[in-house]
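Protein chains: 6
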Amino acid sequence: MTKKLLVVGAHSADYVWRAGGTIAKVAEQGGQVLNLALSYGERGESGELWKENPNRSVDEVKKLRHEMSEEASAILGCEFKCLDWGDYPMIVTEERVAQLADIIRDFAPNVIITHTKEDPFNPDHPLAYQVVEKARQLSAGAGVAAAFARINPPVWYSFEPHQPELSGFVPDTFIDITSVFEKKIAAMACMRAQEYLKSYYTELGSRRGNHARRISGKQQVKYAECFKSNVPVILDTIVPDMHF
Amino acid sequence: MTKKLLVVGAHSADYVWRAGGTIAKVAEQGGQVLNLALSYGERGESGELWKENPNRSVDEVKKLRHEMSEEASAILGCEFKCLDWGDYPMIVTEERVAQLADIIRDFAPNVIITHTKEDPFNPDHPLAYQVVEKARQLSAGAGVAAAFARINPPVWYSFEPHQPELSGFVPDTFIDITSVFEKKIAAMACMRAQEYLKSYYTELGSRRGNHARRISGKQQVKYAECFKSNVPVILDTIVPDMHF
Amino acid sequence: MTKKLLVVGAHSADYVWRAGGTIAKVAEQGGQVLNLALSYGERGESGELWKENPNRSVDEVKKLRHEMSEEASAILGCEFKCLDWGDYPMIVTEERVAQLADIIRDFAPNVIITHTKEDPFNPDHPLAYQVVEKARQLSAGAGVAAAFARINPPVWYSFEPHQPELSGFVPDTFIDITSVFEKKIAAMACMRAQEYLKSYYTELGSRRGNHARRISGKQQVKYAECFKSNVPVILDTIVPDMHF
Amino acid sequence: MTKKLLVVGAHSADYVWRAGGTIAKVAEQGGQVLNLALSYGERGESGELWKENPNRSVDEVKKLRHEMSEEASAILGCEFKCLDWGDYPMIVTEERVAQLADIIRDFAPNVIITHTKEDPFNPDHPLAYQVVEKARQLSAGAGVAAAFARINPPVWYSFEPHQPELSGFVPDTFIDITSVFEKKIAAMACMRAQEYLKSYYTELGSRRGNHARRISGKQQVKYAECFKSNVPVILDTIVPDMHF
Amino acid sequence: MTKKLLVVGAHSADYVWRAGGTIAKVAEQGGQVLNLALSYGERGESGELWKENPNRSVDEVKKLRHEMSEEASAILGCEFKCLDWGDYPMIVTEERVAQLADIIRDFAPNVIITHTKEDPFNPDHPLAYQVVEKARQLSAGAGVAAAFARINPPVWYSFEPHQPELSGFVPDTFIDITSVFEKKIAAMACMRAQEYLKSYYTELGSRRGNHARRISGKQQVKYAECFKSNVPVILDTIVPDMHF
Amino acid sequence: MTKKLLVVGAHSADYVWRAGGTIAKVAEQGGQVLNLALSYGERGESGELWKENPNRSVDEVKKLRHEMSEEASAILGCEFKCLDWGDYPMIVTEERVAQLADIIRDFAPNVIITHTKEDPFNPDHPLAYQVVEKARQLSAGAGVAAAFARINPPVWYSFEPHQPELSGFVPDTFIDITSVFEKKIAAMACMRAQEYLKSYYTELGSRRGNHARRISGKQQVKYAECFKSNVPVILDTIVPDMHF
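Protein sequence lines, in the order shown, are assigned to chains A, B, C, D, E and F.
According to my numbering, the first sequence is numbered sequentially starting from 2.
According to my numbering, the second sequence is numbered sequentially starting from 2.
According to my numbering, the third sequence is numbered sequentially starting from 2.
According to my numbering, the fourth sequence is numbered sequentially starting from 2.
According to my numbering, the fifth sequence is numbered sequentially starting from 2.
According to my numbering, the sixth sequence is numbered sequentially starting from 2.
Incorrect hints may appear among the rest.
Since the list gives no way to pick one copy over another, a pair counts as held whenever it fits inside one copy or between any two copies.
Derived DSS-like pairs: lysine-lysine, alpha-carbon spacing no greater than 25 Å straight-line [unchecked claim]:
| id | residue 1 | residue 2 |
| --- | --- | --- |
| 1 | K199 | K223 |
| 2 | K118 | K135 |
| 3 | K52 | K219 |
| 4 | K52 | K223 |
| 5 | K5 | K219 |
| 6 | K82 | K219 |
| 7 | K219 | K135 |
| 8 | K5 | K52 |
| 9 | K118 | K82 |
| 10 | K223 | K118 |
Just so you know, these hints were derived from the structure itself, not from any lab.
Isolated chain A (complex conformation) (with noise of 0.2 Å):
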């Protein structure tokens, strides 16, 4: 049975700096990603492009941030689709939570990454994991029996925020990327309106990679990315052999 990951970003670039070698591992281990952004980012983290050229219209930019995230995501092996919700500030409805509850439920992830609970540095993240926290639930119901379809309860983790600790960010699961880093060094080179990210988020895949070997001391784990996750996971055993 094929694993399905589902990654929720608040604007259409914000996976490939925290998820983008997670995604790609998955998909080199023949899972099936869905990448979603709920917006483009085309007022709060598209400067750059307006300042290329201030007179795009807002159409022109989304387009542009379209085709970078469709090029990173063909790079990385996942399907890249926007709900075009608009940015900063986001809005969210009843109506549009029930839109993504109806994703997850037609999707069926095994697992679900989005932004963390908090992020005193930009208002649209925690409506992001408002909404997924949402749709989940009523995707998957109470566990009991309901009135509607559902689907099992997907696992679900927040994916690193741009300043961690600010953020209430605890990272209790490092995922080894060494053997998938080009890729998301090539897909972070499509987001050229963001380009100064590309060397941060690379430090970052490095010393998260350090931090992974001083707590297992698996010396092969070059580079690594880290996540929260905010439901227990139910295993086989405590030795499991994915404690690689």
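Assemble the complex: chain A is given as a structure, and chains B, C, D, E and F must be docked to it using the hints.
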């Protein structure tokens, strides 16, 4: 390579209620389990043995508790050892920390399980946590080259205390023990000094199974034990097979 | 002066599992209990009723759930009312907050019991907490002279959620329900759409009784329910008779 | 049966500022109060006595502090004892823990009051918390049959530290001390080495009374002391008379 | 360059009790202070004005409250404005968030002060926190180039709520207001609808001065106000002159 | 009056990675810095020195580490001292606490910097925190007249641990070290036993500079170190010049 699990209990029966199923699961899967008690619990939790026969010597009580734990360990498939440090209160010295560090270094477990950091109902339980915390650090070093022999830092969990909420226990890992639950019941039956706990922990296995089903949707989980991880895990993918 | 208790559940059966014994105890002691449901839970937790008869209309399901709750309330000795706001998801508006504030002002309870602030397994439960929090504030004012009629701020508790540790529930108050436990069992039996919960919550009553005995040493407590207080209590002495 | 309260202060005057009214209230209601100081505070808080007369011996300072506490205790209606363990820093050994456990076992209090777990302004205060925590556990056992004599576990509170927010103090229990506030003022007046605290704690009584009125609406509470409970309470009903 | 401070209160008198001294200090030092109220508090905290004259119209009450705040602001040396959004409950819409974001962008303060994130005693206070949090983010962007005009992110504090411990308030910054305390008293005297608060907050100034002296050893601090910072500060040295 | 900073590290190289820039900044501004190591870290972090030459004696390793720290201290502009208490594990006695309290009392620093309260990767780091906490209290007293000589309580910070999120480190204070960053690099180069850390901490300086720019908008900050304050600061205004 054989998987190795070390369980450290403050008293010689702690493991059976709190990790008996998880031990049996590892053994069933071909792993090796060292079941280490820091004391026999001859004072704090052997009241029934003293009531039976007030003339028993302390050594007789220890002997009886040793036999019960060996019998239960044989059922679960693990080796039992006791350091006989005394209980209620247990006294921990620098030498005893070093003794435990040596045991950890020699056994080189993949995973260690012990008590929680807090437990308002038993002074020995948090002490066991502290001595394991320090001994684990001393056996593994700071993740850098050191003047002494080091092992890879074992993954480290706390098992469930008797009153979880009041001990700051928030489970993040559930182990399906359905296939070995009969063994756990048989092992618990060996502990005749604390027989009243057998039905309590049989019920708890069922309740934690209910929780695991609700969290994951996996209907095959009938019985579970749950744990709190004290260090992050390092994985090869975010959708591993073991999230079965 | 009659003691008055208000119980606010998101769905029409929540009260019976979580506070049924405490309600019966207050009634037995001559108090008055208003048992208020914000919705019938006709979507999220009525799967069994729909399975029995897929052709049932929503109104028939509501009617069945109303009858079950009235029957159970009669056994426990309280009055049952439902605001019928819909479930999964429940929608809360400013008008609905004001409606609840009016009910609280009119009933003027000594104590309010409702859900916890967090519950990762049900989107309606935290919403019920929020609406009670705000309506209670609006009914009581800020403790100073106001432009509107005010009541004394009721003492305010959260009852136990299905997975307490994952909902941030740390109990600080246990109620001995030994003398009314048969009534709770009978009331739970009325909820035939969720029959699987009856044995679960019967066991929980026993477990919480065990905890209460260990905390206090009082051997007469066989069954208990537990709560988390959301506001301080004001006492006449630190060794009151009621710490029986 | 007489209600019994044990108050344990690190230094011989701590009780009067932090629990003087609550002690007087229990005494007034016919209860028995043992007021136990672990030290005289002869070094850390007796500067005024040394300034008055730099030639005083340590023993003279202790004697003066003993007399002041006996005088204040007589006003409040409790018995005063001091273990004279030394202050700033206080040294706690296993023998001293056992000494306190024996005192608790012999007195068998319904309620114990002591310092908070944290207090960044005084190294002796958290130490007093720790020794009470452990001695209380040793006197009561783990709630199960043991090899030694046990008492029922006393209810356990922390009193208010000088800088509550910085000491992690969140009050959950307010005691109305209006009827005995004059006694508290008279008792505080006995502590002439720390006279500057009398007006501070008179004001605090008024402020906590204001808070209690706002929380409950009860206008008759003029003065209050507040506490943080360290263990749950077991009640016979959720609307007890004592929530007066 | 003139230092600029923005104070945002939910109701038109909040600033005077909680930040009056700090405002006067900034003004005295040549800074500019904008004192912004989101509402007049005409319902929740004007009971005395209604009692005086039950026939007053809402507009008359607002006018009286406006005059009192202007008078107090003149004493403190700041400009007073009110957005008149209504109170108890205050309703916040996306448009009102945008309105406040525009005000912040136009004034471009160095520092913003508002309520705490939690306040169980007043539903409008946490709402004021939320609207300031979001408007501040929208005015400053995410610290990267954006499609809209941005200001530097202001430093951001919460002032002290009426019951600090129950509102999660842990002060990390004390401001010495000794030199302007007479002005604060005079400003508080203007608020005749809440006269009972004047002595309360006079005492609080003294108590917080006591705390500041104990924390720092600086005996010259007689009166203080305290705050909780919501974002880190960036300093040029770890031993700045301002830690006077 | 000269500003004085005391830095206390568990091992003789801790200061350079974690506070080297902040030390150099204070020195550059004319302040005096005492750089105190509790041990040489001869066991836990000198593996490279042992690998170079397995025949080295412990004393030779200590001597080498002393020379490296003196060289680095000379570059940063501070005085280096080592108490040589031994490492991995470090043992702290009452006498050693008193020894450190005397050093603090004699030096009378304005600010103390040391490790964090928690650090799961090194048993000596939290111990250093504890001994500093207690020694600082003993040197300053409880803020009241005492029987012994006292200094004003120094401001107290924790520097950044190697894995900040897992050590409970939430930075609240960033120091701009741009002007002295070359000195920090040169000082780090002296520590040839831990060379692999030089690039790690060079990157960290850049990352924390990025964070400081995002927090404040101040583009001139290229490199920063960050800290967590353990006690509140007392300021003369809420918009000080030093928030440059």
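To see whether the hints hold, each was checked on the structure:
1. K199 <-> K223: both (17 Å within a copy, 17 Å between copies)
2. K118 <-> K135: both (12 Å within a copy, 15 Å between copies)
3. K52 <-> K219: between (45 Å within a copy, 20 Å between copies)
4. K52 <-> K223: So K52 and K223 pass the 25 Å test across copies only (23 Å; inside, 36 Å).
5. K5 <-> K219: For K5 and K219, only the inter-copy Cα distance (16 Å) is at most 25 Å; the intra-copy one is 27 Å.
6. K82 <-> K219: Cα proximity of K82 and K219: none, with 36 Å in one copy and 30 Å across.
7. K219 <-> K135: between (37 Å within a copy, 21 Å between copies)
8. K5 <-> K52: neither (38 Å within a copy, 30 Å between copies)
9. K118 <-> K82: This pair counts as within: shortest intra-copy Cα distance 23 Å, inter-copy 34 Å.
10. K223 <-> K118: neither (29 Å within a copy, 29 Å between copies)
Checked against the numbered hints above, the structure violates hints 6, 8 and 10; every other hint is satisfied.
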